[in-house]
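**Student:** Listed below, chain by chain, are the residues.
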Amino acid sequence: DSGVTQTPKHLITATGQRVTLRCSPRSGDLSVYWYQQSLDQGLQFLIQYYNGEERAKGNILERFSAQQFPDLHSELNLSSLELGDSALYFCASSVGPGQGFGANVLTFGAGSRLTVL
Amino acid sequence: GENVEQHPSTLSVQEGDSAVIKCTYSDSASNYFPWYKQELGKGPQLIIDIRSNVGEKKDQRIAVTLNKTAKHFSLHITETQPEDSAVYFCAASKKAAGNKLTFGGGTRVLVKP
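Chain order of the listed sequences is A and U. Residue numbering for the first sequence follows our numbering, starting at -2 and increasing by one per position. Residue numbering for the second sequence follows our numbering, starting at 2 and increasing by one per position.
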């Protein structure tokens, strides 16, 4: 158990729908990151929050949004879902604001598998 | 931005043999290179990392080497065991870019008993 908790583990929905993925970071970590892992695309960085504020943005679609709450948990909202959004969505956390060594080392959760039919 | 290429995409080795995975990066300012192991049904886990001021680092059966001039780094696994079967990802980051990690495409390693 990495200490990063993601729910739900699996989610099946239809095109056009909206889903919310939830992440609780490791105790003491202030940063939360969201990654998308598709079969042919590896790990794609979506967005990062640090202590409630958006810190960095990657290849996140406009249909997707995220936020980090005062208790530091984060939610990733995916709307107007398309077949191509089917993927594993990982949350990671770190103590610091970066994605590097020391306090910025990333710890990943087990992921949420989204299937869009 | 940074681009990280990883080879091979799949690697099959006999138990006890060595496995080598290679990555190249494009941004010479990158200064941190972690390796993650992803087992089936789990998230990636950091197994070893190296900073740009070090050429090699070892941890038991795994080692990472870095060639800054050529902009490539490699993961070496010796005496492979079935539990080494997993997908391995390399990544690179630099402080100037907020340390944003850019991942390679992954290598699926299969260790045959």
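Be aware that one or more of the hints could be misleading.
Mimicking DSBU-like on lysine-lysine, the simulated pairs with C-alpha atoms at most 35 angstroms apart in a straight line are [said to hold, decoys possible]:
id	chain 1	residue 1	chain 2	residue 2
1	U	LYS43	U	LYS72
2	A	LYS54	U	LYS113
3	A	LYS54	U	LYS23
4	U	LYS59	A	LYS54
5	U	LYS38	A	LYS54
6	U	LYS43	A	LYS54
7	U	LYS59	U	LYS43
8	U	LYS72	U	LYS113
9	U	LYS59	U	LYS113
10	U	LYS38	U	LYS113
11	U	LYS69	U	LYS23
12	U	LYS58	A	LYS54
13	A	LYS6	U	LYS23
14	U	LYS38	U	LYS59
15	U	LYS38	A	LYS6
16	U	LYS58	U	LYS69
17	U	LYS69	A	LYS6
18	U	LYS69	U	LYS113
19	U	LYS72	U	LYS23
20	A	LYS54	U	LYS69
21	A	LYS54	U	LYS72
22	U	LYS58	U	LYS72
23	U	LYS43	U	LYS113
Because the hints were derived from the structure by calculation, they are not lab data.
**Student:** Each hint should be assessed against the structure and marked as holding or not.
**Tutor:** Going through the hints against the structure:
1. U:LYS43 / U:LYS72: Holds, at about 30 angstroms.
2. A:LYS54 / U:LYS113: 40 angstroms, violated
3. A:LYS54 / U:LYS23: 28 angstroms, holds
4. U:LYS59 / A:LYS54: 33 angstroms, holds
5. U:LYS38 / A:LYS54: With Cα atoms ~24 angstroms apart, LYS38 (chain U) and LYS54 (chain A) stay inside 35 angstroms; holds.
6. U:LYS43 / A:LYS54: The given pair, whose Cα atoms are some 24 angstroms apart, holds under the 35 angstroms limit.
7. U:LYS59 / U:LYS43: Roughly 24 angstroms separates the two Cα atoms, so the pair holds.
8. U:LYS72 / U:LYS113: Between LYS72 (chain U) and LYS113 (chain U) the Cα gap is close to 31 angstroms, so the pair holds against 35 angstroms.
9. U:LYS59 / U:LYS113: 24 angstroms, holds
10. U:LYS38 / U:LYS113: Holds, because 18 angstroms separates the two Cα atoms, which is no more than 35 angstroms.
11. U:LYS69 / U:LYS23: 13 angstroms, holds
12. U:LYS58 / A:LYS54: The hint holds at about 31 angstroms.
13. A:LYS6 / U:LYS23: 32 angstroms, holds
14. U:LYS38 / U:LYS59: Roughly 16 angstroms between the alpha carbons, so the hint for LYS38 (chain U) and LYS59 (chain U) holds.
15. U:LYS38 / A:LYS6: Answer holds: LYS38 (chain U) to LYS6 (chain A) is near 20 angstroms, not above 35 angstroms.
16. U:LYS58 / U:LYS69: Between LYS58 (chain U) and LYS69 (chain U) the Cα gap is close to 14 angstroms, so the pair holds against 35 angstroms.
17. U:LYS69 / A:LYS6: Answer violated: LYS69 (chain U) to LYS6 (chain A) is near 40 angstroms, above 35 angstroms.
18. U:LYS69 / U:LYS113: 33 angstroms, holds
19. U:LYS72 / U:LYS23: Roughly 11 angstroms between the alpha carbons, so the hint for LYS72 (chain U) and LYS23 (chain U) holds.
20. A:LYS54 / U:LYS69: 27 angstroms, holds
21. A:LYS54 / U:LYS72: This hinted pair holds, its Cα atoms lying about 26 angstroms apart.
22. U:LYS58 / U:LYS72: Roughly 17 angstroms between the alpha carbons, so the hint for LYS58 (chain U) and LYS72 (chain U) holds.
23. U:LYS43 / U:LYS113: The given pair, whose Cα atoms are some 21 angstroms apart, holds under the 35 angstroms limit.
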